[in-house]
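Using the sequences and the hints given, assemble the complete structure.
The listed protein sequences derive, respectively, from chains G and Y.
First residue of the first sequence? That's 1 in this note's numbering, and the numbers climb one at a time after it.
First residue of the second sequence? That's 1001 in this note's numbering, and the numbers climb one at a time after it.
Treat the hints as calculated values from the structure; they're not laboratory data.
Among the clues, some could well be false.
Stated by the list, open to error - Pairwise CB distance ranges, derived in the manner of DEER restraints:
#, chain 1, residue 1, chain 2, residue 2, range
1, Y, Gly1030, G, Phe46, 34 to 40 Å
2, G, Glu41, Y, Lys1034, 45 to 51 Å
3, G, Glu322, Y, Thr1035, 16 to 22 Å
4, Y, Leu1335, G, Glu116, 56 to 62 Å
5, G, Lys274, Y, Lys1045, 53 to 59 Å
6, G, Leu334, Y, Glu1041, 41 to 47 Å
As the list claims (entries may be wrong) - Taking lysine-lysine and the DSS-like style, the derived pairs with C-alpha atoms no more than 30 Å apart in a straight line are:
#, chain 1, residue 1, chain 2, residue 2
7, Y, Lys1090, G, Lys274
8, Y, Lys1090, G, Lys45
9, G, Lys115, G, Lys34
10, G, Lys120, Y, Lys1241
11, G, Lys36, Y, Lys1115
12, Y, Lys1008, G, Lys90
13, Y, Lys1115, G, Lys34
14, Y, Lys1241, G, Lys317
15, Y, Lys1034, G, Lys120
16, Y, Lys1090, G, Lys317
Unchecked claim - One side only, chain G facing chain Y, incomplete, derived with CB under 7 Å:
#, residue
17, Thr6
18, Val72
19, Ser79
20, Asp82
21, Asn294
We treat Cβ as the ideally placed atom computed from N, Cα and C, and that holds for glycine.
2 protein chains.
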Amino acid sequence: MSENITIKDIARICGVGVSTVSRAINDDPGINEKTKERILETVRKFRYVPNTSARNLKMTESNTIALIVCGVGNTFFTSMYDDFQNELEKNGYDFLLHSVDNDVNIPAEALRLSKEKRLKGIVFLGGWINPNSKSLLNVNVPYVFCTVSHTIEGPHAPCPTVGIDDIAASKRMVDYLCDMGHKKIAIIAGVEGDMAVAGGRLLGYRKSLEEHGIEVDEDLVFHMKKDIDEFTVENGYVVTKELIASKKEFTAVYCISDLTAIGAYRAIYDAGLKIPDDISVVGFDGIELGDYMNPRITTMVQPRHEMALESVRILLKLISQEEGIADTVFPTELLTRDSVKKIG
Amino acid sequence: MSENITIKDIARICGVGVSTVSRAINDDPGINEKTKERILETVRKFRYVPNTSARNLKMTESNTIALIVCGVGNTFFTSMYDDFQNELEKNGYDFLLHSVDNDVNIPAEALRLSKEKRLKGIVFLGGWINPNSKSLLNVNVPYVFCTVSHTIEGPHAPCPTVGIDDIAASKRMVDYLCDMGHKKIAIIAGVEGDMAVAGGRLLGYRKSLEEHGIEVDEDLVFHMKKDIDEFTVENGYVVTKELIASKKEFTAVYCISDLTAIGAYRAIYDAGLKIPDDISVVGFDGIELGDYMNPRITTMVQPRHEMALESVRILLKLISQEEGIADTVFPTELLTRDSVKKIG
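And the structure:
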């Protein structure tokens, strides 16, 4: 909203002159306390950013880079915050972590933040943003997408991405299940229509089955619920409950995140079934917690610390205009632990 | 460091005059590009904050409140970030999340941040800060401690705290184990010397045993490792391994956080033992994840969302000078799930 509101609007709304608004903002002692309060409240309410700040721009903008996170409590991301903060501070930048709820608001929120905070740059972490979204073009500072890659959507967005090849990594995960003899493999995929990493992983699942001559049984493709945060333990739990209740036969569940797999574990325990004796489960991401579950979760490890550092490196290069737009694809690693049984 | 560095120091270090530094900072076009770069690099390196910013103070400081978190990836805290951000933004403030590593740097870091960011206020979340620390007095903006209470250290610090009664809540947890027939109860306490919440919880453990006529066996008091982040799954795992290796007899383990309990679970599984058949385990905090473990973790629930909102409320009152210093103590709730066996 700040981009539309001018000092004249604030003055009009408050029924005072422009100079009075200016005095309120600058805390001039010559202004009535109540009037000042009323004006400042309006300024806050409409998120008015004084244009006059522009003259202090160089001094006040200088140092802040924001990390805009969708899924702020997601363990996969939280383990990267210190990487971002340390790497940015090492390079003389201030670090701002900002949580956003869902993709719809992300470009607008980024725009607001970049104006209000005079940001130098943005790293977007997670979430389901279409990197080709035109509204992002309005964000007038360099930005990088981390853990969001261009695997599905067509043309490249005018920004670099740092991620993995979700399709290939996901395919490898399902290849492993097939190699272990599984043919009836259910998937807990992302919310329906998610064309970001979740979409890539679903595609990898389909490709693997196809290559193994197994027809995809659409009744074994389950999507996370839209009304629960994506990739969470809760979503994995609720959806796996449904999968089990469907009475469809399956020997393995592929959860597209480790947290989702932890939820699936619980649903499987609840049904009185054993992992991996009755049902094999695999996750994705390689979060620390997976190593503490019983049984330890077999997963696909993303090099998250390296991805965080690389995102910062690329952003800083963009800011100093030393580097152009490119996608960085990190390798993943299949980590076989104890949650898959060889069958057949 | 910024508080000691002046524009004169920067000029001396760069071998230029004060006015040249000033021109570099203000991006005056009349300055040589290379000289400017060199000066700005020095400014960044020494985290020099231009004093001249003071004149723009009212305009640039206006809206930011920082959440300084010790243990940024701790699930108990991450589930509160959105509460803080939403409540602050609802009140017209910007939200800045800042991670700190350990108590040693917290007051200095808070001071640096409050100067650089022109903060309006600070909420400290977690960590092992002595709220009576004199160095905190240097922080010249209002601040509140959240999840850190004055249960152990003597006189009240000049700031409000929002927390629980760690001693009483912890005692209640151990009372429950005693009521379930346990007499040999090990504790995974905080790092040695932690006099914050961890210290309070250890004291509650001692009080409960004493009241139940059970002599505290110091060989069953285990402390988290100093070289691993406190309250983490990893710390719980490593220390419970040691507990089991000690061959001391015990029927229950009280972990002072749920994450620690998840680590303890793994160490117990590793030893081929069953929970709760062989060993009962309880946690503390009431994080969502505890409900997904197998068996579900019996715990003491802290009303973390309410605590976050109350911290913001109190801080805003402090800022507007409507309220004085007070400690807010929230009630906790014993949540009995499936990880404790009745014995004897």
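Here's how the hints hold up against the structure:
no., hint, verdict
1, Y:Gly1030 / G:Phe46: 34 to 40 Å, "holds, 38 Å"
2, G:Glu41 / Y:Lys1034: 45 to 51 Å, "holds, 47 Å"
3, G:Glu322 / Y:Thr1035: 16 to 22 Å, "holds, 20 Å"
4, Y:Leu1335 / G:Glu116: 56 to 62 Å, "violated, 41 Å"
5, G:Lys274 / Y:Lys1045: 53 to 59 Å, "holds, 58 Å"
6, G:Leu334 / Y:Glu1041: 41 to 47 Å, "holds, 43 Å"
7, Y:Lys1090 / G:Lys274, "violated, 46 Å"
8, Y:Lys1090 / G:Lys45, "holds, 9 Å"
9, G:Lys115 / G:Lys34, "holds, 29 Å"
10, G:Lys120 / Y:Lys1241, "violated, 47 Å"
11, G:Lys36 / Y:Lys1115, "holds, 25 Å"
12, Y:Lys1008 / G:Lys90, "holds, 24 Å"
13, Y:Lys1115 / G:Lys34, "holds, 28 Å"
14, Y:Lys1241 / G:Lys317, "violated, 46 Å"
15, Y:Lys1034 / G:Lys120, "holds, 21 Å"
16, Y:Lys1090 / G:Lys317, "violated, 35 Å"
17, Thr6, "violated, 16 Å"
18, Val72, "holds, 5 Å"
19, Ser79, "holds, 5 Å"
20, Asp82, "holds, 6 Å"
21, Asn294, "holds, 5 Å"
The structure shown violates the earlier hints numbered 4, 7, 10, 14, 16 and 17.
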